[in-house]
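**Student:** Keeping the supplied structure of chain E fixed, place chains F, G, D and S with the ligands upon it in accordance with the hints.
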Amino acid sequence: AETIKIGNIIPLSGPSASVGIQGKNAREMAVEEINAAGGIKSLGGAKLQLVFSDSKSDPTTGVTEAERLINSEKVHVLTGAWNSAVTYPVTQTAERYGMPFIVPVSVRDTITERGFKNVFRIAAKDSWWTRDQFKFLDDMKKEFGVDVKNVAFVYENGDWGVGFAEKWREMAKERGYKVVLDEPYPSTASDLTPVVIKLKRSKADVVFMTSNAADAILLTNTMAEMKVNVKAIITSGGGHADPSFLKAAGKNAEYIFDLVEWEADLNRPGLKETNEKFTKKYGYSLAGESVDAYASMYLIKDVLERAGSTKPEAVRKALIETNLCGGTVGLLAYDCIQFDQSGQNKNASLVIVQIRQKGKDMERITVWPKNVRRAGYTPVFPQPNK
Amino acid sequence: MSLLSIDKLNAGYGEIQVLFDVSLHINEGEIVSIVGGNGAGKSSLLKAISGLIKPMSGSVSFRGENVSRVPADEIVTRGLVHVPEGRRLFSLMTVYENLEMGAYNRNAKANFKRNLEEVYALFPRLAERQKQLACTLSGGEQQMVAIGRGIMAQPKLMMLDEPSLGLAPVLKKDIFAAVKRIAIDYETTIVLVEQDLVNSLAISDRAYVMEQGQVVLEGESQMLLTDPHVKAAYLGV
Amino acid sequence: MKFLLNQKPSNIGIAIGIIALLFAVPMFVSSPSVMQILILIIFYAYLTSCWNFVGGFAGVLPLGHSAFVGIGAYTSTTLYLTYGLSPWIGMFAGGIVAALMGILIGLPTLKLRGAYFALATIAFGEGLRVFVENVEKIGPLEIRGPKGLLINLTESSFAHFQFMSKVPYYYIILVMLLLVLLLTYIMMNSKIGYYLAAGGEEKDAAEALGIKVSRYKLIAMIISCFLTALGGTFYAQLMLYFYPKSVLGLELSYEIAFIALIGGRGTILGPVLGALLLRPVNELTRIYLSDSLPGLHLIIFGLVLIIVMRYQPRGLVEPVSRWIGMLKDRFSSKPAVKSGEAVTD
Amino acid sequence: MVLLEVNKAVKQFSGLTAVNNVDLEVQEGQIVGIIGPNGAGKTTLFNCIAGALPPTSGSIKFLGKEIAGRKPYDICKLGITRTFQVVKPFVTKTVLYNTVVGAFANTNRMDEAEAKSLEVLRMLDLYDKRDIQAKNLTLPERKRLELARALATEPKLLLLDEVMAGLRPSEVSEMLPIIRKINSVGVSIVIVEHIMQAIMNLSDRVYVINFGKKIAEGDPHEVVADPEVIKAYLGDEYVATQH
Amino acid sequence: MIGYVESVINGILMGSIYGLTAVGLTLIFGVMKVINFAHGSILMVGMFAAYWFVTLTGVNPYLALFVVVPFLYFFGFYLQKFVIKPIFEAEKDIREPITVIIVTTGIWYVLDNLALLLFGAEFRVAKTVVSGQMLEIFDMYFLWSKIIGAGVTLLLGIYLYWFLRHSRMGKAVRATSLDREAATLMGIKQTRIYNIVFGLGCACCGVAACVLVPFYYVYPTVGVPFDIKAFVIVVLGGLGSVPGAILGGIIIGLIETVGAQFMAATWTEMLIYVFFLFVLFVKPSGLFGLKQDY
Ligand SMILES: Nc1ncnc2c1ncn2[C@@H]1O[C@H](COP(=O)(O)OP(=O)(O)OP(=O)(O)O)[C@@H](O)[C@H]1O
Ligand SMILES: Nc1ncnc2c1ncn2[C@@H]1O[C@H](COP(=O)(O)OP(=O)(O)OP(=O)(O)O)[C@@H](O)[C@H]1O
Ligand SMILES: [Mg+2]
Ligand SMILES: [Mg+2]
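Protein chains in written order, with the working numbering: chain E, 1 to 386; chain F, 1 to 237; chain G, 1 to 345; chain D, 1 to 243; chain S, 1 to 294.
The shape of chain E in the complex, shown without the other chains (with noise of 0.2 Å):
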């Protein structure tokens, strides 16, 4: 049978390589599953094939290297980018060459709002994470009776954070809220103390965050050191949900509320036999990014069963189609993939988790939407002082 290509452009070098690497591994575990389980049937048993390729996070790069996926590999689909401002010119490529361009994570809205036909997002974009963030708050407040008055925003300055920022203001308008401090910092900053001397003399009571990996440790670590007290901290995964975090946080991190795509702690089928089995295979568990590239895989290999082709027009119409149901997609904080005239995943949720000690390491428990709420666990709110 034949093999059908997929060509995978993410960051395997430099300072996202991280969690390029995350999604690398959980694409080749889901692709030999499905190997292994007889390929896509519907071709006589073709078996899939990953194409990857380091972005750098460069969009130069990243074209350049779409354009070689498409024109010299010749793969039948692609996927990626992980970083928006490389997703954004390659979905540009994808559309140019009418190629299917599944984008498990890249969060800014206007990927999908381009009109174009060859892209397919299975995350929440933006502004579905900033709404999900103030509507978590007002539950909060009525469940726990406190009020909320000044609210701050600290966030990375590149696109991801101040696209969210914006979103924030608009939020906090809307709903009446003081923002007591807005505060941009480069996310290379060797030193946050300056901007944590500001945050501890705002008087915020709620703190939004949105941080890579190592800003996340330097300002949760310094606001624990300078005694920064608030009663919630929410902050937009990314950063705060990359594995590194908790360890190099450790206690620093407790109470922080953050919110994700997905969590291991979620009650769903079979999502702890594929977190064990993914965790014993590289060390480290499953996260929102990774689950979304595992699924992209399921989601292609679902549409190359029904588009029974590997013509793009077929592959397009077949993923306008979709409706993906449980099964191994099943992991996912909600139960189907379905998109909607953009191209989004217009189920595509978001979950907000806790982060508590437990034992000598620290944990992160589901919260919220209440009904996936762990059992048993009461979220901690406001936090107590330090």
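If you are wondering where the hints come from, they were derived from the structure by calculation, not from laboratory data.
It is possible that part of the hints are untrue.
Cross-link-like lysine-lysine pairs, in silico, DSS-like; alpha carbons within 25 Å at most [stated by the list, open to error]:
no.: 1; chain 1: E; residue 1: Lys386; chain 2: S; residue 2: Lys127
no.: 2; chain 1: E; residue 1: Lys142; chain 2: E; residue 2: Lys203
no.: 3; chain 1: F; residue 1: Lys109; chain 2: S; residue 2: Lys127
Here are some chain G residues the structure puts well away from chain E; computed CB gaps all over 12 Å [said to hold, decoys possible]:
no.: 4; residue: Met27
no.: 5; residue: Met35
no.: 6; residue: Ser86
no.: 7; residue: Leu112
no.: 8; residue: Ile138
no.: 9; residue: Arg144
no.: 10; residue: Ala159
no.: 11; residue: Met187
no.: 12; residue: Thr285
no.: 13; residue: Ser321
Label-pair distances were calculated between CB atoms; the ranges are [claimed, not checked]:
no.: 14; chain 1: S; residue 1: Ile2; chain 2: D; residue 2: Glu66; range: 53 to 63 Å
no.: 15; chain 1: S; residue 1: Glu89; chain 2: D; residue 2: Ile132; range: 22 to 32 Å
no.: 16; chain 1: S; residue 1: Glu89; chain 2: G; residue 2: Glu142; range: 51 to 61 Å
no.: 17; chain 1: E; residue 1: Tyr97; chain 2: G; residue 2: Tyr83; range: 46 to 56 Å
no.: 18; chain 1: D; residue 1: Lys71; chain 2: G; residue 2: Tyr311; range: 41 to 51 Å
All of these numbers come straight from a predicted model, not from anything done at the bench.
Note that the Cβ used here is the ideal one computed from N, Cα and C, for glycine as well.
**Tutor:** Structure of chains F, G, D and S with the ligands alone, referenced to chain E:
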């Protein structure tokens, strides 16, 4: 036995050969002049002896040992010191520090104080300017430091490359006198490369004449002064 | 311009042959991805040749040249997005802005020597990047901070500087490169070139000979910045998306300088040779190695840098011109030798 | 006509007065010699005239125009070119390249600059070395190159700082007619030299400087007989060998 | 008000640590006239060494100084001896050998990515007895590890100043930096001096690494932001000047920390560059630099 003897030395820069089969010897306690026109290879000869350029063939032996493969810094320690053309002071260091560097090699360290006093006695101007940066000295002052630095190394054999270059007549005389005194007081053997034939031959015992990378003439200094060829070519008489 | 004609006929012949060959490339290469790689090689050769005016001839080492690529890209694109101004016109606007910026930065820094200048330009480049990342709007012009600018897809259109095929991009950048090389050649053989070289080597001596060194350096800077910015517009139109780190980053600045140094700075062919070596090494190692061991391809890239400098400290231009010389000897002496060969055979 | 007129020039370095109230006058067509012990301030005076250092006070007039404190390139444009005691050739460039840089002072055309260069190189006996890189020259050759390069700018006034240092007497004798020839085509010259043979032969007028101050001035033969000059500069021996 | 005092002190503390990270760079430049682009990577190597030492033995983190500093000294010594020296020899007559810059960049790529291969892209934080320990005065908080770091910087600065000004070896180092050939003629072994200086420069990175590890994270490209900062610092202070580097670091730390109280942290980054260019305008040789060097 000679202190320094050179046998059939060939040397140059990269591909370009500038010394051809040079042989000469220097006896202990002598002052020997090396004279010759511009580009004759005098400076190159000194460089080859002190290890700054590596010979292509031939041997240089100093105190009975072949030093043609010994690195330049090691040769200094053995007592062979080269005071190069063009002064080459450490511009951003003081006069004192320059002299200190002269005494860097381990033999000279012990007698640092005594040698320093000698140098200051020889060139009182340097004592005045101890703390001045070398780059701000006038040409003549710099030349004094360069020679002083050579003395500080307490050499067995000192090779001076054009020490009187650019010096006022009154100083020139002093420099030659100083060279002579160094030779006597310190029992230092001296190789002197000079354009000022009259003065250098006056203080030296023997001399070699170089032309186009070869030794063309050698002999007692006084004899050379009267040699018709030397007279015509170097004294312009 | 007489010296252009004073060249030996064989040299002119070779040059024309190579240029003809370059123009014919699209007839043989159909794959857009290969074209893309070729375009990028030429693009980098172009940027490096522009860099060469300052870095090669004025005797200093600028390490912040991506700033001018960025100025070019941002100027033409914001004008295009806000006023619909054709990028072709915006390109020259960008060039002018870059030239003005070049004067601003050149006035204080061109007096500096060696390492100071290099580090000052790094700081300037980084400062500009930080600035752009912090700015949403300048007057009516959308800068959009770290989010970058996106040019909407249109059909192939010369006025919009957008083409579905890679071929037009190839020809545009090729012509740009050839023009810059010609300009370099003319300059090297003129008073400005001589004055720049002299000022770069011994400033005091040059000034004593009546050369206002800082002024000539500034002229070189203006030319260099202007041309570099044109390249920025080209890049923007080729990629249709860019953001501060991609056009204003240090990495781009370093790469430009490395290409020049590996190829041979201060020579006409150096930038081209450097780009011909470094770009493919960069691409190939990434393609073939990045999915086996992360980072291995960059280790190899690093080793290539070290090895080339170890064995060709003056850049590739030296051995290459030796080979060309040898080849030329072979060819030109062919007819004479031919009969002899026949006999010995 | 007075070409250069230095009036009460003073140059101080932190604490040290290197040039102290020096007056100097150069007539058109003259060769003026400056002598003085090492460290007397001769090079510093040149630096002030040529603009490499601004004088602390005093006036320097060239063709009636005040030039004190102006930049070296402007002063060169006015017609004063100097050579450096510590030579500064463009070492990685050829001899011809070096002089062409100088020759561009008066033309923008390559061919003219080259023609001028070849002319001075011939005159200074460097023609055969024109394609050699300057770093491969010997010191005296470099000194001649320094002179050639300065000459290529076609100056009205040439400041020569020890261009003959390191030459043997016979070579000095060869240089003398060259300098006289330069002078004869209308270039005025100020020359600093320790080689008395040259000073005596060339100068129309000699200034003697000691500790930054002018101690004597006048006809060369008068000056060398001045007891103060003998004491400070020449030494008794010089007098003895000359007479 | 108290916020400003706290900022000023924190700025000085962090600034002196920045200065510390730049000292090695300025030292190497001062003698070899080479900008060591691998500087940040060497800091990274030191941080990994300190991290592993502290994590594996669990001892007081400052004991790592006794292991990491000698380790980096020899690392630098042999790096210069085997990798950089041959290139230097080819560029003997050039004052600022630019090819060496490329070589150090090559070393940078190799080291950073080797670390990625060996240790992965993970961020690591060493848990030590001093980590997170604060000095609290009037509601102002200062991290002990930064205070110790500033102290170490001061001591190292004094030591290096003494070493270069007054020790025999230090003078030989300066002599070599001024005229390599003449130094050889004094019996100073030039290549050995270079090895030593490169080793010392790297050892300074080792000191900085040990100071950083108790409160900072470690990962393969951790050196890059410090690198650029160090470039700015050494030029501000005057290339080749040790006190200049430390003072430059403190200025940067102050701008960063105090400036951030008046504007967004991203703008202080910008302010640093503006200030930098301003200093170049008015005093091109930097605060402590020698005129001859620019
Ligand atoms: N670094 C160098 N590279 C190449 N050739 C050189 C170098 N130094 C000197 N030469 C050449 O070697 C030859 C001899 O030069 P050298 O300096 O030894 O002469 P010299 O007798 O000392 O002359 P002078 O009286 O001018 O000092 C000259 O032809 C010179 O051009
Ligand atoms: N930049 C400077 N800083 C401090 N002192 C200086 C500087 N330049 C020169 N001097 C001092 O000024 C005095 C005059 O120096 P100058 O070089 O003018 O002497 P000179 O007459 O040319 O001597 P020579 O004949 O030896 O070349 C010297 O004592 C010197 O040390
Ligand atoms: Mg000589
Ligand atoms: Mg002088």
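**Student:** Hey, E:Lys142 versus E:Lys203, does the alpha-carbon distance stay inside 25 Å?
**Tutor:** 22 Å, holds
**Student:** Hinted pair, alpha-carbon criterion (25 Å max): E:Lys386, S:Lys127. Please report holds or violated.
**Tutor:** Holds, at roughly 20 Å.
**Student:** Against chain E, does G:Met35 keep a CB gap of more than 12 Å to every residue?
**Tutor:** Answer for G:Met35: violated, closest chain E Cβ roughly 8 Å.
**Student:** Could you check that no beta carbon of chain E comes within 12 Å of the beta carbon of G:Ala159?
**Tutor:** 19 Å, holds
**Student:** If I take the minimum Cβ distance from G:Ser86 to any residue of chain E, is it greater than 12 Å?
**Tutor:** Holds, since 20 Å exceeds 12 Å.
**Student:** Measuring Cβ to Cβ, find out whether G:Met187 lies farther than 12 Å from everything in chain E.
**Tutor:** 29 Å, holds
**Student:** Does the structure keep F:Lys109 and S:Lys127 at a Cα separation of 25 Å or less?
**Tutor:** 50 Å, violated
**Student:** Within 41 to 51 Å or not, the Cβ separation of D:Lys71 and G:Tyr311?
**Tutor:** 43 Å, holds
**Student:** How does the Cβ-Cβ distance of E:Tyr97 and G:Tyr83 compare with 46 to 56 Å: does it lie in that range?
**Tutor:** Because 31 Å falls outside the window, the suggested range is violated.
**Student:** Lying within 22 to 32 Å: is that true of the beta-carbon distance S:Glu89 to D:Ile132?
**Tutor:** Given about 24 Å between the Cβ atoms, the range holds.
**Student:** Decide, holds or violated, for the assertion that all CB atoms of chain E are farther than 12 Å from the CB of G:Ile138.
**Tutor:** 16 Å, holds
**Student:** According to the definition I'm using, a residue is off the interface if its beta carbon is farther than 12 Å from all beta carbons of the partner; does G:Leu112 meet that for chain E?
**Tutor:** 26 Å, holds
In the structure shown, a violation is registered for the earlier hints numbered 3, 5, 9, 12, 17, in ascending order.
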